[in-house]
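So the sequence lines, in the order shown, correspond to chains H and D.
Residues in the first sequence are numbered from -17 upward in steps of one, following the numbering used here.
Residues in the second sequence are numbered from -17 upward in steps of one, following the numbering used here.
It is worth saying that the hints were derived from the structure and are not from the lab.
Each hint should be verified, as a subset may be incorrect.
With a cut-off of at most 27 Å between alpha-carbon atoms, the simulated DSSO-like pairs for lysine-lysine come out as follows [said to hold, decoys possible]: (1) K218(D) / K196(H); (2) K292(D) / K203(H); (3) K284(D) / K203(H); (4) K102(D) / K196(H); (5) K161(H) / K194(D); (6) K161(D) / K196(H); (7) K102(H) / K218(D); (8) K161(H) / K196(D); (9) K194(H) / K292(D); (10) K161(D) / K161(H); (11) K122(D) / K284(H); (12) K102(D) / K194(H); (13) K203(H) / K27(D); (14) K218(D) / K203(H); (15) K122(D) / K161(H); (16) K102(H) / K196(D); (17) K218(H) / K203(D); (18) K196(H) / K292(D); (19) K218(H) / K102(D); (20) K311(H) / K102(H); (21) K194(H) / K196(D); (22) K203(D) / K284(H); (23) K203(D) / K292(H); (24) K284(D) / K196(H); (25) K196(H) / K27(D); (26) K132(H) / K284(H); (27) K218(D) / K194(H); (28) K203(D) / K27(H).
Going by beta-carbon spacing under 7 Å, a handful of chain H positions derived as facing chain D [stated by the list, open to error]: (29) E186; (30) T195; (31) E219; (32) I229; (33) R231.
If you want a taste of the chain H side facing chain D, the calculated C-beta under 7 Å gives, among others [as the list claims (entries may be wrong)]: (34) P40; (35) T116; (36) S117; (37) P185; (38) I206; (39) P210; (40) I223.
Beta carbons: idealized from backbone N, C-alpha and C, even for Gly.
There are 2 protein chains.
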Amino acid sequence: MGFIIRNSFVALTFGITTICSFAEDPLPSWSDTAPKKAIIEFVGKVTKKDGPDFVPVPERIATFDNDGCLWAEQPVYFQAIFIFDRIKALAPQHPEWKEKEPFASVLKGDVKAALKGGEKALLEMAMATHAGMTSEEFDKIANDWITTAKHPKTGKPYTEMVYQPMLELLAYLRTNDFKTFIVSGGGIEFMRPWTERVYGIPPEQVVGSSIKTKFELRDGKPVIVRIPELNFIDDKEGKPIGIQSHIGRRPIFSAGNSDGDLQMHQWTQGGEGLRFSLYVHHTDADREWAYDRDSHIGRFDKGLDEAREKGWTVIDMKNDWNRVFTFEK
Amino acid sequence: MGFIIRNSFVALTFGITTICSFAEDPLPSWSDTAPKKAIIEFVGKVTKKDGPDFVPVPERIATFDNDGCLWAEQPVYFQAIFIFDRIKALAPQHPEWKEKEPFASVLKGDVKAALKGGEKALLEMAMATHAGMTSEEFDKIANDWITTAKHPKTGKPYTEMVYQPMLELLAYLRTNDFKTFIVSGGGIEFMRPWTERVYGIPPEQVVGSSIKTKFELRDGKPVIVRIPELNFIDDKEGKPIGIQSHIGRRPIFSAGNSDGDLQMHQWTQGGEGLRFSLYVHHTDADREWAYDRDSHIGRFDKGLDEAREKGWTVIDMKNDWNRVFTFEK
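Bound-form chain H, shown alone (with noise of 0.2 Å):
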């Protein structure tokens, strides 16, 4: 993932290969300013044995948002745009959607009405899409959507949507023993399907928020089925939540996009010892998207405030990053 073998050399005695290799640029994608310097302060500082600020391997937890922070958020969620494929999909067996809202705005094409009902109508068509179906049908359905399926201005796949200069930091850390999570607003069952394959983050390590679901024997066999009902929001004051619910550890390093990820920020910074918060400001309309305070999505206004105000590290996209997506050159 962009490292560089500058210097190897094999060993071979006694029939033991040894290959050692020297990493040049861990952050290639990154520009050489203020946050790329930063960031590498900080992990040489907190992976220095015997320094005032070594954090021992179990506690190197980080924590990242997905939305506007790993891969992109716009024209809309991606998986809102799932969510209204689901009930393109699904509408034949629904025929009363045809008059219902939001249901109805989605089926004629009109996604600005249908979101018109912001995160409650979203929600509802979630609970309409993702439920009533077992935790591995809805693997199936949604590892296959995010194969398929392209995005309406790149025409590339989502996974492809995803941050350059991300990616290099997460193997950066985990290369520094660092334990990668995702903590997104995002689904956890939408997510866990392909942030393996894209991200190296298995499912372990992935947070989300989720529907709840009960356990039955169907003809015997066991199944986990996914009902209609909010089990848990993984956003706002629900990060620090679910972050001490899943992994039960403060992070030291966390990194987010918007207002939602603010909470995930204070928490993190509340231990003790050396912290780093990192916020990605979409300040690039050319190569990605320019939004922050104003905007519908990823909105960026007391995040701002707060990172600035306390010092935080944040990512201005059009000088701080020399690549933006995975698919660019």
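Add chain D to chain H, keeping to what the hints say.
Just chain D now, with coordinates in the frame of chain H:
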């Protein structure tokens, strides 16, 4: 942890030190009976590259019950003793407990009467003693108790009332690149402060029962406050739900000792490919305790029937373990 290095050599060349070691018996506290052979055969098969039963490393998920499986659970769940101790410590702040059951019985030292109300009474006492403080405060309380309290029969710290054969099994699985998880009906935050030290299982790999929590800023300091409301019971049908929620991947190996673990085993067995389910049967009244179908703690009835019917591995503690507790020679 019982591993013997039979053969080691040191190769010093170009400044590189390589130590190769060959483990002899990974399970020395296990007698050479069927269960030990079955475990070693299973691990051999799923780790045999190019073999028909090979399982890739990320899918090597093993889940362990705690009470009665990793540590003892008699004369009563150890967390219940913690709850009783907390009631005694908090009694001065709760004069009403002198007249109110089940608290009054606890304060009189009548455990049997206190537990007459079954799980409901225990839950009520857990709520009253495990809530109303921050997650950090509770962590300290649980940690202080576990490092000082002693078992009423053996006089040993509870963290030594741990089964040596199961410690060896955990280590053996991890040596073979399994990720080991606890999936227990016990309180998740009661276990997390000590599971890494005692079992080598970090907080993020502990799944358990929980109460609700909320995030807030207190004088600018972020805290997670524990609320006396039930969030999740990780027992029976709850275990597969807890596994799916936290791990998101079906175990290929599960271990338990009671009917509370039956659904976890069913879930494990319901996946494709080779699977291993293990039940610890408490058959040793001399070295530990002997109980199963009629026990008030850790009832093992339906689970025993299904294990025998389906050919799951049932450990006869008396015959299959040559050492039980870690404190034994």
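Hints numbered earlier in the text: which of these fail when held up against the supplied structure? When the structure is compared with the hints, numbers 7, 9, 11, 19, 20, 25, 26, 35 and 39 turn out to be violated.
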